[in-house]
Amino acid sequence: MEHAFTPLECLLPAAALRACADGGANRLYHITEGSQERFLPDYISGDFDSIQPEVKEFYKVKGCELIETMDQDLTDFTKCLQILQKKIEKKGLQIDVIVTLGGLGGRFDQTMASVETLFHATNITPFPVIVIQECSLIYLLQPGKHKLRVDTGLEGTWCGLIPIGNSCESVTTTGLKWNLTNQVLKFGTLVSTSNTYDGSGIVTVDTDKPLLWTMAIKR
Amino acid sequence: MEHAFTPLECLLPAGNLKFCLLILNQPLNKGHFHCLWSKAALRACADGGANRLYHITEGSQERFLPDYISGDFDSIQPEVKEFYKVKGCELIETMDQDLTDFTKCLQILQKKIEKKGLQIDVIVTLGGLGGRFDQTMASVETLFHATNITPFPVIVIQECSLIYLLQPGKHKLRVDTGLEGTWCGLIPIGNSCESVTTTGLKWNLTNQVLKFGTLVSTSNTYDGSGIVTVDTDKPLLWTMAIKR
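Taken in order, these protein sequences are the chains called A and B.
Here UniProt numbering is used: the first residue of the first sequence is 1, the next is one more, and so on.
Here UniProt numbering is used: the first residue of the second sequence is 1, the next is one more, and so on.
Any given hint could be a false lead.
Claimed, not checked - Below 35 Å or equal to it, Euclidean Cα-Cα: the simulated DSBU-like pairs (lysine-lysine) are:
| no. | chain 1 | residue 1 | chain 2 | residue 2 |
| --- | --- | --- | --- | --- |
| 1 | A | Lys186 | B | Lys111 |
| 2 | B | Lys85 | B | Lys112 |
| 3 | A | Lys86 | B | Lys202 |
| 4 | A | Lys218 | A | Lys86 |
| 5 | B | Lys202 | A | Lys60 |
| 6 | A | Lys145 | B | Lys234 |
| 7 | B | Lys81 | B | Lys39 |
| 8 | A | Lys186 | B | Lys112 |
| 9 | B | Lys111 | B | Lys85 |
| 10 | B | Lys172 | A | Lys186 |
Source of the hints: derived by calculation from the structure; they are not laboratory data.
Source: prediction; values computed, not measured.
Here chain A stands alone, though its shape is the one from the complex (with noise of 0.2 Å):
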């Protein structure tokens, strides 16, 4: 079975649910200076060690819901995403993709963190989780075949295929510039960067291992 999907879809529409991890609320904060109560969170969640005081205040005084998730094994970021599918259920949201703003810039611990918490994704939730922050994106795909359509216009050039956690045995693509034919993919043989499309606007991937694509967001 093949999976589809537009990564940079979601760039176009707007969100059904909204959420902060802890001192992403102080982000949130200071982007939308001057008219922050026309952005409030649905949720803020985390263990609150980041976010600051008058910011926790000001979302709470108008009304956000903010869930104190004190587990110290997971991420603020996986806390999130487990709160945000029980929100989902609830609600019984139809939902094609979460997105997720930041993580992959600072800290290389905390960057190495948000992939781990892709990897958790998929215990935590069916819908697909993106995580995008400046130029960046990163998708796991799972093992089997992928269809992912690159023509929003919203691509930039460059894209790759990392075997962070594992390596992969058979990687076969189409729709790049760099195909693979059934190749190992694996840190000290082949990684694939710097890779680019071949213009058809669609990429397919067949894995046999959990594999990272990630691509260019055009700015």
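With the hints as your guide, set chain B onto chain A.
Chain B only, in chain A's frame:
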């Protein structure tokens, strides 16, 4: 046999550490740059890294000339290339498209270290961890190849992050230079590790599996002893914060 290493030693103002400096095509931290440039035994730029060097040394570029600039030259700006060429810097074009500019720059560096008979303790790479996600992963890939290119440890530094690939075996990392930030981590990039044991961390591991989807050590920190030991059965990426 235990490998002993002090990751942030290269950033200490004093000392006898002998190292080479590679500059990649990423925004350069001025503090790191000046600290490292003056003490490096050899200095090189990988392609667009030359642009970064040129701009960060604006006004006195002629006092900061690299020993060589290598790459496929698809990123270096023509005026930058011309400037360094006129000043006598070696320009080495490497057309191999299967290897990144970083990997090729490292291969050339090793040859020069051997040719000059230099004693080197570490190869320090500036840049490579920010911006494009695929290029950050390419930097990690180069660290995997580095073990076949050079016997010297290779570290990558950008802004507040450092990464260093630990080969299978026992490692002793000194983290008492005073330049360490709070966080650190152990990332099983590329392969799972079946058995990892550590000391010196706030959250230590004892014969534990590290694997994406199971357990990855991030947002870890130190126990105050100033030493971290890591015993791993497979390659494992060490990452740590550099104080601002």
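Hints versus structure:
1. A/Lys186 <-> B/Lys111: holds, 26 Å
2. B/Lys85 <-> B/Lys112: holds, 19 Å
3. A/Lys86 <-> B/Lys202: holds, 33 Å
4. A/Lys218 <-> A/Lys86: holds, 33 Å
5. B/Lys202 <-> A/Lys60: holds, 33 Å
6. A/Lys145 <-> B/Lys234: At roughly 30 Å apart (the allowed maximum being 35 Å), B/Lys234 and A/Lys145 satisfy the hint.
7. B/Lys81 <-> B/Lys39: OK: B/Lys81 and B/Lys39 at ~24 Å, within 35 Å.
8. A/Lys186 <-> B/Lys112: holds, 29 Å
9. B/Lys111 <-> B/Lys85: holds, 21 Å
10. B/Lys172 <-> A/Lys186: holds, 27 Å
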